[in-house]
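Letter by letter, the chains look like this.
Number of protein chains: 4
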Amino acid sequence: MTDLSDDVLGRARVRDTAELEAYYRRLEDLEAGALWTIANKIEPWYPRPRSRPMLWRYADLRPLVLEALGLVSGDDAGRRVVALYNPDLRDIAATCGLLYTGLQVMAPGESMTAHRHQASALRFVLEGQGAWTIVDGQKLKVGPRDFAITPNWTWHEHGNEGLEADGAVIWQDGLDIPLVNALDAPFYEVHPDVYQKQDGVTNSSVLTYGAGQLRPVGDPWDKPYSPLTAYPWEPTYEALQNAAKASDGSPYDGIIMEYSNPLTGGSVMPTMSAHMQMLRPGERTMAHRQVGSQIYTAAKGSGHTVIDGVRYDWTEGDIFAIPSWSWHEHANASTSDDACLFSFTDFPVMRSLGFYREEAYADNDGHQAV
Amino acid sequence: MTDLSDDVLGRARVRDTAELEAYYRRLEDLEAGALWTIANKIEPWYPRPRSRPMLWRYADLRPLVLEALGLVSGDDAGRRVVALYNPDLRDIAATCGLLYTGLQVMAPGESMTAHRHQASALRFVLEGQGAWTIVDGQKLKVGPRDFAITPNWTWHEHGNEGLEADGAVIWQDGLDIPLVNALDAPFYEVHPDVYQKQDGVTNSSVLTYGAGQLRPVGDPWDKPYSPLTAYPWEPTYEALQNAAKASDGSPYDGIIMEYSNPLTGGSVMPTMSAHMQMLRPGERTMAHRQVGSQIYTAAKGSGHTVIDGVRYDWTEGDIFAIPSWSWHEHANASTSDDACLFSFTDFPVMRSLGFYREEAYADNDGHQAV
Amino acid sequence: MTDLSDDVLGRARVRDTAELEAYYRRLEDLEAGALWTIANKIEPWYPRPRSRPMLWRYADLRPLVLEALGLVSGDDAGRRVVALYNPDLRDIAATCGLLYTGLQVMAPGESMTAHRHQASALRFVLEGQGAWTIVDGQKLKVGPRDFAITPNWTWHEHGNEGLEADGAVIWQDGLDIPLVNALDAPFYEVHPDVYQKQDGVTNSSVLTYGAGQLRPVGDPWDKPYSPLTAYPWEPTYEALQNAAKASDGSPYDGIIMEYSNPLTGGSVMPTMSAHMQMLRPGERTMAHRQVGSQIYTAAKGSGHTVIDGVRYDWTEGDIFAIPSWSWHEHANASTSDDACLFSFTDFPVMRSLGFYREEAYADNDGHQAV
Amino acid sequence: MTDLSDDVLGRARVRDTAELEAYYRRLEDLEAGALWTIANKIEPWYPRPRSRPMLWRYADLRPLVLEALGLVSGDDAGRRVVALYNPDLRDIAATCGLLYTGLQVMAPGESMTAHRHQASALRFVLEGQGAWTIVDGQKLKVGPRDFAITPNWTWHEHGNEGLEADGAVIWQDGLDIPLVNALDAPFYEVHPDVYQKQDGVTNSSVLTYGAGQLRPVGDPWDKPYSPLTAYPWEPTYEALQNAAKASDGSPYDGIIMEYSNPLTGGSVMPTMSAHMQMLRPGERTMAHRQVGSQIYTAAKGSGHTVIDGVRYDWTEGDIFAIPSWSWHEHANASTSDDACLFSFTDFPVMRSLGFYREEAYADNDGHQAV
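Residue numbers (the UniProt record's numbering), protein chains in the order written: chain L, 1 to 370; chain S, 1 to 370; chain H, 1 to 370; chain P, 1 to 370.
Careful: at least some of the hints might be erroneous.
Treat identical chains as interchangeable: a pair holds within one or across any two.
Stated by the list, open to error - List time: in silico DSBU-like cross-link candidates among lysine-lysine, alpha-carbon distance up to 30 Å: (1) 139 to 223; (2) 41 to 139; (3) 41 to 223; (4) 300 to 139; (5) 245 to 197; (6) 300 to 41; (7) 223 to 245; (8) 41 to 197; (9) 139 to 245; (10) 223 to 300; (11) 141 to 197.
To be clear, the hints were calculated from the coordinates, so they are not data collected in a lab.
Put together the whole structure using the sequences plus the hints.
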């Protein structure tokens with residue numbers, strides 16, 4: 001995109017003079033300043049994220065993640081997580097925009113203590129069979145490609161009840177910690193009993209709400225997030241396949257479904273939405289861009305995504321970041337198998353605050369030059 | 001319930017006199033009247049429905065319903081339906097309160113013309129394999145115990161594509177025609193082409209929205225009813241069984257789920273909600289009552305329901321009516337198999353208008369004397 | 001409107017035969033019937049209200065209303081009200097559709113006992129300076145042309161604290177009793193202490209919420225009706241005059257404002273909305289029609305309304321009824337003064353249930369032939 | 001508040017070793033990091049804003065603001081504004097949290113060009129009689145203590161039509177620019193015609209919606225902000241005085257009203273709310289704290305506010321900032337006159353995202369030690 005000129009009527013274009021500079025210093029003494037000196041910078045023509053497009057290879061990260069098992073104990077680390085940082089956002093521990101992601105690892109038989117925080121969290125399981133989490137007393141077991149949520153201010157702890165020595169669990173955490181901090185809203189508590197007691201049967205949330213088109217009568221749920229806290233892979237993949245029979249899907253995303261709160265149809269939590277999308281064999285989508293940050297994980301298969309004109313190849317477990325208002329398009333590398341991408345975003349924030357926009361790439365049949 | 005006396009301060013208790021009667025006649029000449037002469041009647045202490053509790057046996061109705069196949073053509077009848085009338089509500093064609101139900105029959109190979117009306121309709125299939133319906137261009141195939149909706153003002157037509165000579169389809173219709181008429185709101189149109197053209201693949205609504213916890217991204221649906229227009233039996237029954245693992249259910253209804261609009265979590269249509277409930281082997285619920293009319297169908301198994309102190313035994317296909325504010329409790333006749341009840345109600349109307357109430361039966365351990 | 005023919009494919013057109021009549025009798029024995037015998041009647045092409053357009057002259061009613069003061073005591077009558085009945089709706093005590101209105105009279109110094117009911121009520125004061133009402137403990141004083149509400153299930157009692165012997169209060173009551181009864185939802189209670197105690201200062205609701213564009217911070221109101229329970233005439237009239245400076249208003253209603261719930265912008269109560277409209281000097285509106293029942297009161301000035309081709313002249317205090325889907329247009333008789341019409345409707349019911357429609361009269365420059 | 005210790009089970013407490021440091025460097029090479037090294041910092045026990053409590057004296061700022069009239073032209077500056085910066089937030093041009101405020105000055109006869117931006121803006125007039133603004137074609141005139149809004153992405157331009165040479169207008173701008181930028185959502189456009197054309201009469205928004213309890217029937221407004229764009233001082237002050245007759249108000253804020261969207265009862269814009277509060281003669285409130293940033297302006301009278309134990313004295317025109325989760329309490333300096341405080345906040349953001357909390361100061365009868 002060619003930049004618009006700031007040297008026009010309607011933009012600030014005051015030239016510094018000695019008199020003005022003296023004036024600016026007097027303003028500075030009062031903890032004030034002349035708006036026109038920074039107006040163009042703080043009101044740009046369109047978003048200019050500090051975040052860069054990024055891709056992390058699972059093949060690179062995995063050995064280091066597993067190595068952490070021997071380096072620090074879960075009790076000392078709180079959570080044993082390798083965080084992924086956007087280079088210019090290390091100061092706020094952000095992966096993209098005001099979103100954070102990392103890879104958490106738990107050894108067989110291990111469990112982490114319980115806490116809660118204002119930030120919301122989500123999990124996407126990359127490997128290992130024994131993972132569990134207890135969220136406000138409800139125990140969930142999750143396996144590869146399952147998606148689960150830990151809504152803000154819910155007590156939670158995790159563990160790995162796998163028995164085999166090499167059965168480490170690695171899952172991806174997604175949190176809105178940078179958002180919570182940017183808004184000066186963080187709170188944190190350690191559980192008074194260090195560990196929660198389990199209420200009811202395991203997976204009760206999935207058993208009760210897992211058929212989202214059927215709602216328990218008389219259900220008193222009134223919280224601002226989904227009562228369904230885990231979304232197993234199998235019905236999710238089946239839903240994508242079914243939808244593909246009935247629809248061409250999105251020109252930009254193939255067949256794409258949002259994990260939703262079955263009691264409202266809205267996003268699973270007020271600050272983050274999550275999606276699973278399927279690129280059919282040979283599918284290559286067209287480019288578009290949205291206001292909001294997106295963090296993607298290759299869940300199945302291989303392919304590539306072009307972000308602002310640069311191609312990023314991905315295969316299972318790779319994680320990549322699409323900054324706000326960046327052009328992006330996806331392609332499945334296989335002509336025989338589908339490929340699936342998990343993603344989470346801050347679109348619910350953008351929608352709540354009235355900031356959401358999207359735009360299709362108009363030129364070149366909808367494809368960026370790479 | 002013992003009636004409260006009207007002979008108290010706070011109720012109307014004017015005695016007629018010759019002078020008053022002359023006054024009343026003068027009011028009548030002006031199309032007016034003295035409110036106190038009818039105040040107690042129109043403001044009773046609690047609901048006094050004109051509807052009576054009723055049960056219709058499928059074994060009685062079925063032969064007559066099938067007989068209609070030979071008596072009238074679908075084209076002449078519009079719809080070949082045996083309507084069920086509450087004895088005092090024949091004038092408004094109501095089954096219970098302002099709800100209507102009937103049994104519709106279609107011969108193999110038959111199809112009905114397309115129309116639309118302000119009234120909302122729902123279907124619950126009792127027998128036959130070949131049933132289909134086209135709702136606003138979308139074709140759905142439905143089988144026994146499937147539930148489907150025809151929201152208000154959607155074009156719809158039905159048929160039976162079964163091939164076997166004895167393969168008649170019988171389904172139950174539920175409509176809010178008496179409600180629409182009571183509110184002077186009916187409209188009706190015959191489709192300009194007599195029959196619709198099918199859009200897209202069969203069952204596209206189920207394929208697209210049938211996993212209610214997953215929402216198609218970018219879906220433009222903005223209508224006041226569910227985009228999911230059919231709810232097959234198998235996932236419904238599975239959801240009941242799953243919920244039974246996680247919950248004790250309702251003391252009044254066992255395990256009960258509402259068919260819901262996955263995009264809002266609300267009722268399938270603005271005026272009617274529908275439910276499937278499961279009574280576990282040997283289960284006998286406690287009595288309660290609600291403001292609203294309920295029409296039940298025995299979907300699986302046998303049992304009985306006590307309504308205002310009278311026992312009604314039911315088996316598959318039987319239909320019974322529970323008037324507003326009538327005590328009711330259910331029992332499964334089997335100690336080895338579950339029993340399932342389908343029901344539809346006008347509770348959404350009661351909730352929208354602020355009329356909904358419910359009350360548990362306090363005496364006798366929650367059970368009515370029969 | 002010319003009626004459409006029922007003798008077309010898509011409507012029921014079965015002719016009776018001896019065989020069918022025998023069949024019908026067998027259905028009748030089972031409390032059932034053949035839908036096709038009544039289908040066209042219960043599914044008409046468009047609304048056919050039992051209500052007729054009506055107008056009651058205040059000059060006729062007022063003497064009879066005042067006469068009631070000497071005929072019955074308030075304590076015996078409960079409320080001393082002359083009810084206005086649509087001729088064919090006497091059985092359900094309705095004025096138009098499922099709405100009711102009447103004129104209530106209270107002598108100076110008189111007060112009525114407290115009760116509550118499921119039906120919602122509203123008041124529009126026609127004459128007298130001393131009227132008051134206590135709604136859930138809050139006392140309101142209301143004068144001519146003021147509008148007040150008594151939402152469903154709120155305790156309420158009324159009185160007239162006027163001191164002059166000829167200072168009777170006459171106000172118009174509007175209630176949804178027929179609606180509540182049609183839905184089998186009525187409840188009624190006499191206040192356990194016969195009279196309420198006043199909480200807080202008089203008119204506290206108006207003092208607190210009367211500037212609807214300013215909302216008390218931290219207000220815990222969560223009821224489904226307006227916390228503002230009285231809308232005085234002066235600011236209402238001023239708002240109409242202001243709006244007339246900024247807008248041409250509605251081609252069908254002139255300058256028209258809905259009394260609204262300032263916490264939601266919605267109707268004052270879930271089942272009834274109320275409006276005040278101003279016809280500017282010489283204004284004559286165009287005709288339209290809506291689904292819903294409307295009861296009008298001439299609040300200021302004189303004019304006429306044409307309803308379904310019949311002209312009804314009105315002057316202050318006259319009340320008229322516009323049935324659902326009836327064409328109507330208004331005219332101010334004065335070329336120098338404005339005229340104001342108060343009205344209440346069941347449009348919120350129609351909107352909640354998805355029944356609302358409106359249509360402009362297309363022919364003859366928008367005016368009906370009279 | 002005493003800080004909680006991080007040296008507990010449930011917090012990160014890994015000690016650096018040479019081996020770990022080598023590990024951290026390898027992570028760094030992959031644009032990753034060990035979460036436990038920063039976990040306690042990014043998940044603090046409670047909010048630790050970078051913003052400090054601040055107060056700017058109008059007596060200090062006013063001469064400098066007026067001086068700008070002679071230093072830069074409006075056309076060159078875009079807007080001639082002295083911005084108020086929190087010392088540690090100069091890099092993001094924020095006054096408190098993610099909110100910005102500044103003082104804008106316009107000479108008599110001057111007008112500014114039209115633009116629009118994603119950020120929302122509000123205005124509170126401090127002095128001058130000739131101020132006007134055109135928002136999406138609607139012209140508003142505003143005077144001292146009037147409040148007005150410029151919702152996100154509306155075209156707007158301003159001017160001063162005062163005629164007297166010393167009649168400069170100074171108003172306070174409030175914007176959410178830092179919020180929009182933190183979320184990578186800014187957009188900006190210069191109006192294609194440089195200046196808008198006025199639609200309709202001046203102040204049409206106030207004339208049409210200014211009595212918030214009355215809603216224009218048939219109004220098609222569907223935007224996510226208030227259609228009422230100006231709130232004059234007189235009815236606001238009258239509403240505060242009326243509310244004071246009916247209520248004791250808030251123990252923390254005296255009589256406080258939120259400027260609200262009359263069509264929804266919600267905040268005027270999705271990201272900022274604004275309030276006017278009145279401290280009665282001699283009133284001293286108790287302390288509380290909230291999640292969210294608040295910027296206050298002394299609108300009438302004098303007094304002081306204690307923020308986190310430090311007293312800030314204010315008089316008309318002074319502006320002060322209360323960071324998130326900072327204790328604060330107010331006092332009116334006069335025992336004979338009321339004092340009024342205008343404020344705006346990002347509470348709507350906190351509420352939309354589920355971050356809002358508030359807490360009363362429990363000790364010392366609710367008052368901080370100063």
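Check residue 300 against residue 139 for me: Cα-Cα at most 30 Å, and say if that holds within a copy, between copies, both or neither.
Result: close within a single copy only, 27 Å intra versus 33 Å inter.
Is the C-alpha distance from residue 139 to residue 245 at most 30 Å within one copy, between copies, in both cases, or in neither?
Intra 35 Å, inter 14 Å, cutoff 30 Å: inter-copy only.
My question is about residue 41 and residue 223: at a cut-off of 30 Å on alpha-carbon distance, are they close within one copy, between copies, both, or neither?
For residue 41 and residue 223, only the inter-copy Cα distance (28 Å) is at most 30 Å; the intra-copy one is 40 Å.
Checking residue 41 and residue 139: alpha-carbon separation at most 30 Å within a copy, between copies, both or neither?
between (49 Å within a copy, 29 Å between copies)
Alpha-carbon proximity context of residue 223 and residue 300, limit 30 Å
This pair counts as neither: shortest intra-copy Cα distance 33 Å, inter-copy 35 Å.
Same-copy or cross-copy closeness of residue 141 to residue 197 [CA-CA at most 30 Å]:
Within one copy, since 15 Å is at most 30 Å while 47 Å is not.
Within, between, both or neither: residue 41, residue 197 at alpha-carbon 30 Å:
Classified as between: cross-chain Cα gap 29 Å, same-chain 52 Å, threshold 30 Å.
If the cut is 30 Å between Cα atoms, do residue 223 and residue 245 qualify within a copy, between copies, both or neither?
between (35 Å within a copy, 23 Å between copies)
Could you figure out if residue 245 and residue 197 sit no more than 30 Å apart (CA to CA) within one copy, between two copies, both or neither?
between (44 Å within a copy, 19 Å between copies)
Treating 30 Å as the Cα threshold, decide for residue 139 and residue 223: within, between, both or neither.
Within one copy only: 18 Å inside a chain, 37 Å across chains, cut-off 30 Å.
Have a look at residue 300 and residue 41 and pick one of within, between, both or neither, based on CA distance no larger than 30 Å.
neither (42 Å within a copy, 35 Å between copies)
This entry does not satisfy hints 6 and 10, going by the numbered hints stated previously.
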